[in-house]
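Please work from the sequences and hints to get the whole structure.
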Amino acid sequence: MSTDEILSFDEAMEKYDPVLGFEVHVELNTKTKMFSSAPNVFGDEPNTNVNEVDLGMPGVLPVVNKTAIESSIKIGLALNCTIAESCRFARKNYFYPDTPKNFQTSQYDEPIAYDGYLDIELEDGTVFRVEIERAHMEEDAGKLTHMGGATGRIQGADFSLVDYNRAGVPLVEIVTKPIEGAGSRAPELAKAYVAAIREIVKNLGVSDAKMERGNVRCDANVSLRPHGRERFGIRSETKNVNSLRAVEHAVRYEIQRHAAVLSSGNPVVQETRHWHEDTRTTTSGRPKSDADDYRYFPEPDLVPVVASREWVEELRATLPEPPAERRKRLKADWGYSDLEFRDVVNAGVLDEIEETIAAGASASVARKWWMGEIVGRAKAADVDPGQLGVQAATVVELSRMVEAGKINNKMASQVLDGVLAGEGTPEEIVEKRGLAVVSDDGPLLEAIDAALAAQPDVADKIRAGKVQAIGAIVGGVMKATRGQADAGRVKELILEKLGVTA
Amino acid sequence: MAAINRDDVAHLARLAHIEMSADELDRMAGELAVIVDSVKSVSEAAGDDVPATSHPIPLANVFRDDVVGHTFTAEQALSGAPDSDDNRFKVPAILDEA
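Taken in order, these protein sequences are the chains called A and B.
Reminder that position 178 of the first sequence reads as 178 in the working numbering, one-by-one numbering, no gaps.
The number in the working numbering is simply the position in the second sequence, starting from 1, with 1000 added.
There's no promise every hint is true.
The calculated lysine-lysine pairs, modelled on DSS-like cross-linking and capped at a C-alpha distance of 25 Å, are [to be verified]:
| no. | chain 1 | residue 1 | chain 2 | residue 2 |
| --- | --- | --- | --- | --- |
| 1 | A | Lys432 | A | Lys406 |
| 2 | A | Lys143 | B | Lys1040 |
| 3 | A | Lys239 | A | Lys202 |
| 4 | A | Lys479 | A | Lys406 |
| 5 | A | Lys177 | A | Lys202 |
| 6 | B | Lys1090 | A | Lys101 |
Hints listed in this document are in silico derivations from the structure and should not be mistaken for laboratory results.
Remember, predicted model here, so these are calculated numbers, not experimental data.
Following this line, the structure appears as structure tokens:
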């Protein structure tokens, strides 16, 4: 495999202006396929979720899945598209074993949704509008596994094995208009765009949206032009970039590669590129076919899909609140700072905090527990925070016990460990482990006396009015009581003892 | 006369995986041009007042409810396959990835 020359990203940006375009394929989570009643299920035994339609046997007729149409319209609406009053399917003809029919049933000149847009929020809050050209319906292809050869890649394979379980699974392909003006933020925008599409289809409930399963797949188009020139450069299309991180890396790499080609005075070759996660590079695929080569023509076995305005409005009424608007609302409701809220979003605990607040915790308490205690534990266990199994009610119970002075924060953290270890409810664990704040002043006063005697200079400072020095004494008392004391009460008692008012 | 030359026919034949001799390519170039011209005369017959027809049958929205129906077993699915392995269709390795 040859290695392409690349320029540094900064140098590429100095010389050129990137233009992006994306084709994102979304697999719908309907129960059955687009044109057949075979089940749409991931991970089953090969060639068991197929019938005569999926295998393209002679004389069979496709019938459109109504739910798939409704899901497609919902996606179109969520992307602010116009929904076509009438649209049709077409045959895209090509020979490759991933389709047993020798054509893919798709939409060509009449997509179900067109002319939309999506506002993408970048990490620093900048909003970038991406125009949507179209969202059209089609069917997925079968899955080929290349066997033999050394690398497991197609190059050098001896033969391929085909599983048609995926053939005919409903897809919606979302195509952007050329995206200009992203500049050096192009890689970040690429990632944010695909993340937004994934979030939207998941929120709509129309796709499982798992990129690792190929439910959301991205083809990334990149071209460069000198600054100030209007005409687009020649583009490459990097296929099947199937994680958010890979989308960002692939766009960055292609910008650097194009820049090196153009700087050396050569033209970029219009072609598809294959993304390699291991080396984070792309390699040349095939030259891009002309649309003409697919000899599209209207699918004679299917009649047009007519979306009445009543039907479209009915579907619009079922749409959930868009994720971006929901975030805006929650941030305002909870009163978090920009930074606090971004951390919560990035940690992926928005839903959990919302549930915890709904269960009765204050916004700040919910954030403190999830961000301060639970996220770290999830990271240590290498799972998503939501998968750790902490119930909103548990967090509320723990925080109430702390507020009531029954346990302190340190104990609450231990109780949480107990809950996660399956030792019972917080109440039970407090009892079982004998955790309770020492609120009897007697033992506290003894510990305070000892701490003051051990640090007479600190005691003098406090007497002289430097109340902030009290931490050292409180720390000594907490240590002596093995953390069982109520720090607030300890502070009060120390000040009382020294005759200082806080 | 529509311009369908020999190269166009050769290109179409390659796309359609049809093997054609030199004679056939020459003959087909002429015949296809006539066919294209004939189709063109249909579009000339339709005036601006005739809407484009997407489908000859005046039907729309023939839908199926999203309910699972019948499937084949892997054995049934593979029963007509020239070759198979591990419950999957076995095909020659093809470099031209679609």
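Results for each hint:
1. Lys432/A / Lys406/A: holds (14 Å)
2. Lys143/A / Lys1040/B: violated (41 Å)
3. Lys239/A / Lys202/A: holds (22 Å)
4. Lys479/A / Lys406/A: Measuring from Cα to Cα gives roughly 19 Å; hence the hint holds.
5. Lys177/A / Lys202/A: holds (23 Å)
6. Lys1090/B / Lys101/A: holds (16 Å)
Going through the hint list in order, the structure does not satisfy hint 2, though it satisfies all others.
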